[in-house]
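Enquirer: Sequence:
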Amino acid sequence: MTPSDSSSDLSDPAVAPPPRSDQLLDRVRALLAKAERTEFPDEADALMAKAQELMARHSISDAMIRSRDRGTTAEAVTSRRFTVDAPYASAKRTLLGSVAAANSCRTVFLGDGAGGSKTCQVFGHPSDLTMVETLYTSLSVQATRAMLAAPVPPGDTARRFRHAFLLAFASRVGHRLHEASRAARAEAEAEAQSGDSVSVVLAGRDAAVDRALRQEFPRTRSTRSTATSGAGWQSGRRAADMAGLGQRGIGQHQRSIGAG
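Using our numbering, the first residue of the sequence shown is number 1, and each one after it goes up by one.
Among the hints, a few may not be true.
Unchecked claim - The following label-pair restraints were derived from C-beta to C-beta distances:
| # | residue 1 | residue 2 | range |
| --- | --- | --- | --- |
| 1 | P126 | R27 | 14 to 20 angstroms |
| 2 | S197 | R219 | 30 to 36 angstroms |
| 3 | G155 | D210 | 43 to 49 angstroms |
| 4 | G116 | S199 | 37 to 43 angstroms |
Derived by calculation from the structure, the hints in this document are not laboratory data.
Note that this is a predicted model, so its numbers are computed, not measured.
No residue lacks a Cβ here, since even glycine has one placed at the ideal position from N, Cα and C.
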């Protein structure tokens, strides 16, 4: 396709050129490394939210530029496969789904693998998939570390407690990431001055991901894991509220995640 001679209105903050992907990853890594070092949960929370906001704004800016410049080739939807390692692979799979959903991606569970692992396929735009991989790798390491450090209360079992811990961690972190993404979308919508609305453009982008998933998997059904340990759920939720993203695994693009 030949690029159009028309150009985007780069004075509009909602369509300002996004940073290069490698520059963005460097900024995100710096934020997450700082979150790992801080001893203050509130600061770690703010740093993680900022990292998610940066990623969301990058995705929004790229989508708006492609919408304004009709000659620009649309970023094709693709997919990546992730192997989620045992133990507690079902709960770790939920964390992957939470991170993916917050970054405009969709997750399909493909089946059980060797040694109790789970295989998932995540659909999304390439830049979003890279961010999902970066966040998920870091969060799964931190979740496992926090889970192993949490004492199992008397009368509970380690398996029940830790499964519930990871499910709660995934639920709470997913909520925090969604909040950061929603804030970035609202800010971009408020700053937009002309042309297609941010919500319309992003809805089209999300629809493209849904179409790609349905094309490969016409029939899917929702699944969910349940927690049977209230203490594990509360402990995992507290750990998620204090989550900063660690340095281990950042940028390594490894898709076999989380022994613990």
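Enquirer: It remains to establish, for every hint, whether it holds in the given structure.
Expert: Hint-by-hint comparison with the structure:
{"no.": "1", "hint": "P126 x R27: 14 to 20 angstroms", "result": "18 angstroms, holds"}
{"no.": "2", "hint": "S197 x R219: 30 to 36 angstroms", "result": "33 angstroms, holds"}
{"no.": "3", "hint": "G155 x D210: 43 to 49 angstroms", "result": "44 angstroms, holds"}
{"no.": "4", "hint": "G116 x S199: 37 to 43 angstroms", "result": "41 angstroms, holds"}
The structure fails none of the hints (numbered hints given earlier).
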